[in-house]
Amino acid sequence: MRINDIINVIPNTLVTGKELLQKEVRGGYCGDLLSRVMAKGPKDGLWITVQTHVNIIAVAVLLEISCIIIPEDIPIEPNTIEKADEEGIVILSSPLSAFEIAGRLHGMGMDG
Amino acid sequence: MTRKDRMNSSMIQVYEIESGNFTKAGEAAGNIKKLLRQLGIDAGVVRRVSIAAYEAEMNMVIHSIGGIIKILIDPEAITFKARDTGPGIEDIELAMKEGYSTATDFARELGFGAGMGLPNIKKCSDDFIIKSEVGVGTRLEARFNIST
Ligand SMILES: Nc1ncnc2c1ncn2[C@@H]1O[C@H](COP(=O)(O)OP(=O)(O)OP(=O)(O)O)[C@@H](O)[C@H]1O
Ligand SMILES: [Mg+2]
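One line per chain: the protein sequences are A and B, in this order.
Using our numbering, you'd call the opening residue of the first sequence number -1 and step up by one each time.
Using our numbering, you'd call the opening residue of the second sequence number 76 and step up by one each time.
In case anyone wonders, no lab produced these hints; they're calculated from the structure.
Each residue gets a CB set at the ideal place from its N, CA and C atoms; glycine is no exception.
Each hint should be verified, as a subset may be incorrect.
Computed cross-link-like contacts, DSS-like style, restricted to lysine-lysine with a CA-CA straight-line distance of at most 25 Å [what the hints assert, rightly or not]:
(1) B:K145 x B:K206
(2) A:K41 x B:K198
(3) B:K206 x A:K41
(4) A:K41 x B:K197
(5) A:K38 x B:K197
(6) A:K41 x B:K99
(7) B:K99 x B:K156
(8) A:K38 x B:K172
(9) A:K38 x B:K156
(10) B:K145 x A:K16
(11) B:K197 x B:K145
To give an idea of the interface, some chain B residues facing chain A are shown, with a C-beta separation under 7 Å as derived from the structure [what the hints assert, rightly or not]:
(12) A104
(13) G105
(14) N106
(15) Y129
(16) N195
Stretches of chain B that chain A covers, calculated by requiring three or more beta carbons in the stretch to come under 8 Å of a beta carbon on chain A [said to hold, decoys possible]:
(17) 90 to 102
(18) 117 to 126
(19) 173 to 187
Build the full structure now, drawing on both the sequences and the hints.
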């Protein structure tokens, strides 16, 4: 599944990475405790989290997570956006809850 | 240049880690990851070293007063070393338990404090040693074999 396909199913605002939407995502993970994400996060996957500070970009880079979805329209810190641009990470902001987002992606056939 | 040529000699890099700097946090691990990729190291090994480096770096930022990280790359193995100057860990066995954490509320709000960092490092590495003395500091060493 490509990030483009996700954008079509999850109501969202594209915050960063509009040139990266053809990237393939192979799995997803949902979590806000960073070392749990470090232990379980999928490679080339997407990550749903309510954390918005710049360290989430470090986690994404290290795990090769290509897309981060921030639920519930939580405001995203400016230096997080800057760093995501620099590192080539897509950030989507969505009004839906993490539960709702994960549910829809699962419904599209996406696995953990 | 083949991977073998590049890997013939060993290589050392050193990073200084600042306590409490959450904005810079993760940079050393990120640089280590880029270096290993440039050297053509196996992607699975790169991932394991990256996770360990990140967890050790974050622990120094959150729990220590600062220190240094060293990465040594040999043809057979990658050795990761972290050393800080305090405050040290009183009970290492307890610190190694999954779920044990003394992270502050501030660090927890940022998503730290699951108490999984040290267990993650141990799981990711082929060899792991941690030594600590209260008032002196903590030293950690993790080794990752490079299969050829
Ligand atoms: N470099 C260090 N200096 C002092 N204490 C440390 C250091 N590293 C770890 N500790 C102690 O060991 C505990 C467990 O560390 P661990 O990395 O497993 O969990 P954490 O850092 O608390 O949470 P997480 O890593 O899941 O975000 C810490 O809460 C802290 O008390
Ligand atoms: Mg930790």
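How the hints compare with the structure:
1. B:K145 x B:K206: Status holds; Cα separation ~16 Å.
2. A:K41 x B:K198: holds (17 Å)
3. B:K206 x A:K41: At roughly 32 Å apart (the allowed maximum being 25 Å), K41 of chain A and K206 of chain B break the hint.
4. A:K41 x B:K197: holds (20 Å)
5. A:K38 x B:K197: holds (15 Å)
6. A:K41 x B:K99: Holds, because 23 Å separates the two Cα atoms, which is no more than 25 Å.
7. B:K99 x B:K156: holds (19 Å)
8. A:K38 x B:K172: holds (18 Å)
9. A:K38 x B:K156: holds (24 Å)
10. B:K145 x A:K16: Roughly 37 Å between the alpha carbons, so the hint for K145 of chain B and K16 of chain A is violated.
11. B:K197 x B:K145: The hint holds at about 17 Å.
12. A104: holds (6 Å)
13. G105: At about 6 Å, which falls below the 7 Å cut-off, the nearest Cβ of chain A leaves the hint on G105 of chain B intact, so it holds.
14. N106: Because about 11 Å separates N106 of chain B from the closest Cβ in chain A, which is outside the 7 Å limit, the hint is violated.
15. Y129: Because about 5 Å separates Y129 of chain B from the closest Cβ in chain A, which is inside the 7 Å limit, the hint holds.
16. N195: holds (5 Å)
17. 90 to 102: holds (count 5)
18. 117 to 126: That given contact holds, which follows from 3 residues of the stretch 117 to 126 of chain B lying within Cβ reach (below 8 Å) of chain A.
19. 173 to 187: Held - the stretch 173 to 187 of chain B has 3 residues with a Cβ nearer than 8 Å to chain A, which meets the minimum of three.
Hint compliance for this structure: hints 3, 10, 14 are not met, and every other hint is.
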